Amino acid sequence: MPRFVTTWHVDAPPESVWPVLSDVESWPRWWHCFRRVVLVRSGDEAGEGMRVQLTLDVGYRLVFGTEITSSVPGRSARARVVGDLSGIGSWSARSDGDATAMTIVWDVQVQRAWMRHAQPLVAPFFAWSHARVMAAGERGLRQVLATGELAG
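Heads up: the sequence shown at position 18 corresponds to 18 in full-length UniProt numbering, and the numbers run straight through without jumps.
Please keep in mind that the hints were generated in silico from the structure rather than gathered at the bench. Since we're looking at a predicted model, the values are computed, not measured. A few of these clues could be false.
Stated by the list, open to error - Simulated restraints, written as ranges between beta carbons of each label pair: (1) Asp98 / Arg61: 20 to 28 Å; (2) Val105 / Arg61: 20 to 28 Å; (3) Leu39 / Ser90: 17 to 25 Å; (4) Val38 / Phe125: 35 to 43 Å.
Each residue gets a CB set at the ideal place from its N, CA and C atoms; glycine is no exception.
Model the full assembly from the supplied sequences, consistent with the hints where possible.
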């Protein structure tokens, strides 16, 4: 199963980052690759059990769901991923002075037949596409944290 590991660094403490990241329905306003995010089910106070349906557009469309299986607010979350992607996603954060260093790991497999069959040939494109999505997320998160406003 392919593994994608991304590191983000933002100039804000984890307690400022967590509320923005946990407001998943706001993602399309600042993480522009996401076309639609629908909260299917709220989780408990830590977010566990929360289910979200996401539509991602990166030149091709991916629709997938996530369910938070474990969460330590402001520190880590783990989710089961189903749909056009399947596998596990995780996020962890640590303080780095007045900033936050985050590691996002996706252990996912594409599920659409054409993607599975083409994967040996297009794996570099999928990796590039993932990197582009994650870079856009980091830029958007930095903007929201710097301005205190969600991008329109």
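Each hint tested on the structure:
Taking 20 to 28 Å as the suggested C-beta distance range, the pair aspartate 98 and arginine 61 does not conform, at roughly 38 Å. Taking 20 to 28 Å as the suggested C-beta distance range, the pair valine 105 and arginine 61 conforms, at roughly 23 Å. The given range of 17 to 25 Å is respected by leucine 39 and serine 90, whose C-beta atoms sit roughly 20 Å from each other. At about 27 Å, the beta-carbon gap between valine 38 and phenylalanine 125 misses the expected band of 35 to 43 Å.
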